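**Q** In case you want the letters, here they are:
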Amino acid sequence: MSDQRLFFTELLGLKVFDLKGRTLGVVKDAAIVPLLDPVRVDRYLIGSGAAWLTVRHDQVRAISLDGIHLRDEILTPYHSDEYMLRVVRDLVDQQIIDAQGRKVVRVTDVTFEIHPENDGEVLWVLDVDIGLRAIFRRLMQGLLPRPWIRRLQVGIPPHSIRWEFCNILEPDPQRRLRLNISNRLLEGMHPADLADIVEDLTPEHREAIFENIDSEVAAEALSEVDPGIQASILESLEAEKAAEIVEEMAPDQAADILGELERETSEGILEEMEHEPKNEVRELLEFKEDSAGGLMNTEYVALPETATVEDAIQALKSNEELMETLNTLFLLDSEERLTGAVPLARLFLHDGATPLRSLAVDTLIDAPVTERQDRITELFDKYNLLALPVVDEERKLAGVITADDIISVLREK
Amino acid sequence: MWKRFRYHVAIFFAVIGPGFITAMVDNDAGGILTYSQAGAKFGYLPLWTLLPITLLLIVTQEMCSRMGAVTGKGLSDLIREEFGLRITFIVMAVLVLANLTNMIADFAGIAGSLEIFHIPRYVSVPIGAAIVWLLVVKGTYASVEKIFLFACLVYVAYIVSAILVKPDWKQAAIYSVRPVLMLQGAYLYMLIGMVGTSIAPWMQFYLQAAVVEKGVTAKEYKESRIEVIVGCIAMSVIAFFIIVACASTIYEVAPRDLLTPADAALALEPFGQYAKLLFAAGLFNASLFAACILPLSTAYSVCEGLGFESGVNHRFREAPIFYWLFTGLIVVGGAVVMWPQFPLVKMILFSQVINGALLPVVLIFMTLLINKKKLMHEWVNSRFYNFVSWAAVALMVGLTMALVALSIQDMLRA
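For the protein sequence lines, the chains are A and B, in the order given.
Residue 66 in my numbering sits at position 58 of the first sequence, with consecutive numbering throughout.
Residue 225 in my numbering sits at position 120 of the second sequence, with consecutive numbering throughout.
To be clear, the hints were calculated from the coordinates, so they are not data collected in a lab.
The structure presented is a predicted model; accordingly, all values stated were derived computationally and were not measured.
Backbone N, C-alpha and C define an ideal beta-carbon position, used for all residues, glycine too.
Heads up, some of the hints might be wrong.
Said to hold, decoys possible - For lysine to aspartate or glutamate, the following EDC-like pairs were computed, each having C-alpha atoms within a straight-line distance of at most 20 Å: (1) B/LYS479 x A/ASP89; (2) B/LYS324 x A/GLU243; (3) B/LYS319 x A/ASP89; (4) B/LYS477 x A/GLU212; (5) B/LYS479 x A/ASP98; (6) A/LYS249 x A/GLU270; (7) B/LYS324 x A/GLU272; (8) B/LYS479 x A/GLU215; (9) A/LYS111 x B/GLU186; (10) B/LYS324 x A/GLU215; (11) B/LYS479 x A/ASP180; (12) B/LYS478 x A/GLU178; (13) B/LYS243 x A/GLU420; (14) A/LYS286 x A/GLU228.
Said to hold, decoys possible - Some, not all, of what chain A presents toward chain B, calculated at C-beta under 8 Å: (15) SER56; (16) ALA59; (17) ASP101; (18) GLN102; (19) VAL113; (20) ARG114; (21) ILE138; (22) ARG146; (23) GLU212; (24) ALA216; (25) ILE237; (26) SER240.
What the hints assert, rightly or not - Some chain B residues judged to face chain A by a derived CB distance under 10 Å, without partners named: (27) ASP182; (28) VAL317; (29) PHE413; (30) ILE426.
Just need the whole structure built from these sequences, with the hints factored in.
**A** Written as structure tokens, this is what we have:
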């Protein structure tokens, strides 16, 4: 049904006729008012002489390549309106986020569908066009008759994004509300994909995204972003919002990022944080970045060495948020000194009364908080570790380094 | 001893940033030979152009880095967003054309430098092209960039040489500040080429992208500015000594056109038997360095402006236009040079004239952009900056038209 399609390049410059078939002007722009309807073109802006007129969608009888025929010719002058998303001004040639393809793209053209409504015809936004075919249309627009362009473009592969997967970029918070821009699409993405997208944006748009999305999503995405950019994002946010995001991060990552900031900024963020995560992060900040202390995180599960499998299961139930990545339990003596490590999987092979002691690995590998980064990676490689406990001078368990921390270290080299 | 050396190397690289790299790449095959030819043919006369060229270079480079820092966007992105697709397409076509000629010049530089050692171009050019392509695609370029930069120290040879050949410093000083204008085809050709090689269209795109990539913000921008200015001055100082060395070793013997790159090696005469070696090493390094940066920077700019996927971290299937573009530039640039009768020096000089003639196109849009309050806020251009860049546009258009008019006149006469 390609006849029911209309490209924005075709709509531009289309003649508008009144009831008697006289030309009133040509289309200069089209506007969507997302608060009223997210897909329908609400207004057409018509240029006739110096002034622009506004045609409401319900004043149109028919739209085709031959022109727009009105059924009501009482037109009002155009006034700039904050609620309008204007295609030429706000959409075409600008960057948007393609939430399905998970990347930042630049809009070249827009495809509409001509749709009957109350005895008239309206345009629905169907796709945003990027790629060669749309570029061809833009370059030829006005140089060749519209039907020729349609015929000639067939040989070029199309590339479009469905309108519902498009996320408009708008840094101004008030205008975001007026244009009804939600963060639903961004929050639904994998944090790592969101992080890639954020890296491609300008600082202004990065800030707008982190200012607005859910803190938990923001925290996950932020920890995946390139370290240099992480710091500049946090610096651009209000301390309060930054603190909310940092609280949601794993303490070791939070400490890494805060360590990158200027002292004043990071203190400001720490001040705004809740008591408990703040202290954990502060402790981690004391360690050198490239030492065991700097690499470790303080999210682990440790039990007294006298505990049983049943106790362990109970302890895990109360630490559910750690379960995604946890693979080792640690045993401590009465003085909180590290005495053993139990691979999580072994719990499933023994009944509840079995003492954890008997399930511990034969040789316990650990590292002091001051150990150098390259020694740590060596240990991981040599002993094929998934997690390495880190102990302080009194052999008390200070934190755990996990394999994913090591992967990050190696990637940075 | 080794430790001391390492320490000095560390300091050397500490001052290096996008501005300095751009300036060094700017002295590529086109640069070296254009300055050599200027000195060989016109002696000390062209020295006066270096002051205005340096000023314009600083102004344009500063504008780009300021735009990058304030907007966080590349130059082609800004042109697209503010002037639409058609203009972007035209500017990108200009950029691709200018850079294709630069690629030809750089492969001619590779061929010419190795022909001094009797390595035929059928061998040197394909191998050079393959090295460039692999360095870029395999992502190893970043690790060799510092080697290229360090090898730029070869230019010091020109300074040493220019001092050893005892040039007429009084004349050099006078002509450095005394403008000489002649309505003569060869002279205009040289002027346009000198501007084109010093302030090439690609540099504006490359530098702005590098500033954005580095994440320089409007606040930290002052430090970048110093680096940009230092880079520009370093480039001009090298140009000055190349011209002086050529003026005193070639022009003072007999003014003439350079026919082969080996002719330009005469400027390093005081190094005796090593002169050719030094010259060839410098030319080879500069050509290879530029041949790595140019196609990549072109492909990035074009893809960003037109909205295609770009980046060597993508697979070919994901970013076909990006890969085709920069592979195309390398292959076509190399293939043209392989033609047996290809006049190396002539074409290198011609490529820089093309760059000079196309520069106004880029400069016009840069100046329009940087005066937009909406984009630049309080960082819009000052009146002085606007004066310099509009004057440069007018001057370059004027020179180019005069050159075209003279050429047509010559043709009619013949």
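**Q** Now, for every hint given, state plainly whether the structure supports it.
**A** Hint check results:
At roughly 18 Å between alpha-carbon atoms, B/LYS479 and A/ASP89 fall within 20 Å of each other, so this suggested pair holds. About 12 Å separates the Cα atoms of B/LYS324 and A/GLU243, which keeps this hinted pair within 20 Å; it holds. Distance hint between B/LYS319 and A/ASP89 is unfulfilled; the C-alpha atoms sit about 38 Å from each other, more than 20 Å. Using a Cα cut-off of 20 Å, the hinted pair B/LYS477 and A/GLU212 holds, with the two alpha carbons roughly 17 Å apart.
Between B/LYS479 and A/ASP98, the direct Cα distance comes to roughly 14 Å. Compliance with the 20 Å bound is thereby established for this hinted pair. For the hint linking A/LYS249 to A/GLU270, the alpha-carbon distance of about 17 Å falls within 20 Å, and the restraint holds. Under the criterion of a C-alpha separation no larger than 20 Å, the hint pairing B/LYS324 with A/GLU272 is consistent with the structure, at around 17 Å. Straight-line distance between C-alpha atoms of B/LYS479 and A/GLU215 comes to about 18 Å, which keeps the hinted pair within the 20 Å bound.
A distance of roughly 18 Å separates the Cα atoms of A/LYS111 and B/GLU186; the hinted pair therefore holds under the 20 Å criterion. Annotation: proposed proximity of B/LYS324 to A/GLU215 holds, straight-line Cα distance about 16 Å (limit 20 Å). Our distance criterion of 20 Å between C-alpha atoms is met by B/LYS479 and A/ASP180, whose separation comes to about 13 Å. With a CA separation close to 18 Å, the supplied pair B/LYS478 and A/GLU178 stays within the 20 Å bound.
As the CA atoms of B/LYS243 and A/GLU420 are separated by approximately 18 Å, the hinted pair is consistent with the 20 Å bound. Restraint check: the Cα-Cα separation between A/LYS286 and A/GLU228 comes to about 18 Å, which is no more than 20 Å; the hinted pair holds. The restraint placing A/SER56 at the interface with chain B is violated, with a minimum CB-CB distance near 22 Å, outside the 8 Å limit. The closest approach between the C-beta of A/ALA59 and any C-beta of chain B is roughly 23 Å, which is over the 8 Å cut-off, so the hint fails.
Because the smallest distance between the Cβ of A/ASP101 and any Cβ of chain B comes to about 5 Å, under 8 Å, the interface hint for this residue holds. The beta carbon of A/GLN102 comes within 6 Å of a beta carbon in chain B, closer than 8 Å, and the hint placing it at the interface holds. For A/VAL113, the interface hint holds, since its Cβ comes within 8 Å of a Cβ in chain B; the closest pair sits about 6 Å apart. About 3 Å separates the beta-carbon of A/ARG114 from the nearest beta-carbon of chain B, less than 8 Å, and the hint is met.
Below 8 Å, beta-carbon pairs count as interface contacts, and A/ILE138 has one with chain B at about 5 Å; its hint therefore holds. With its C-beta approaching chain B no nearer than about 4 Å, A/ARG146 sits inside the 8 Å limit, and its interface hint holds. Using the Cβ-Cβ criterion of 8 Å, the hint placing A/GLU212 at the interface with chain B is satisfied: the shortest such distance is roughly 7 Å. Contact between A/ALA216 and chain B, as hinted, is not supported at the beta carbon level, the nearest pair being about 12 Å apart and thus beyond 8 Å.
Because the closest C-beta pair between A/ILE237 and chain B is about 6 Å apart, less than 8 Å, the hint holds. With a least beta-carbon distance of about 6 Å to chain B, the hint placing A/SER240 at the interface is held under the 8 Å criterion. Checking B/ASP182 against chain A: minimum C-beta separation of about 8 Å stays under 10 Å; hint holds. Hint status for B/VAL317 relative to chain A: holds, with the closest Cβ pair at about 8 Å, below 10 Å.
The beta carbon of B/PHE413 comes within 8 Å of a beta carbon in chain A, closer than 10 Å, and the hint placing it at the interface holds. Because the closest C-beta pair between B/ILE426 and chain A is about 8 Å apart, less than 10 Å, the hint holds.
The structure fails to meet hints 3, 15, 16, 24 from the earlier list, while all remaining hints are met.
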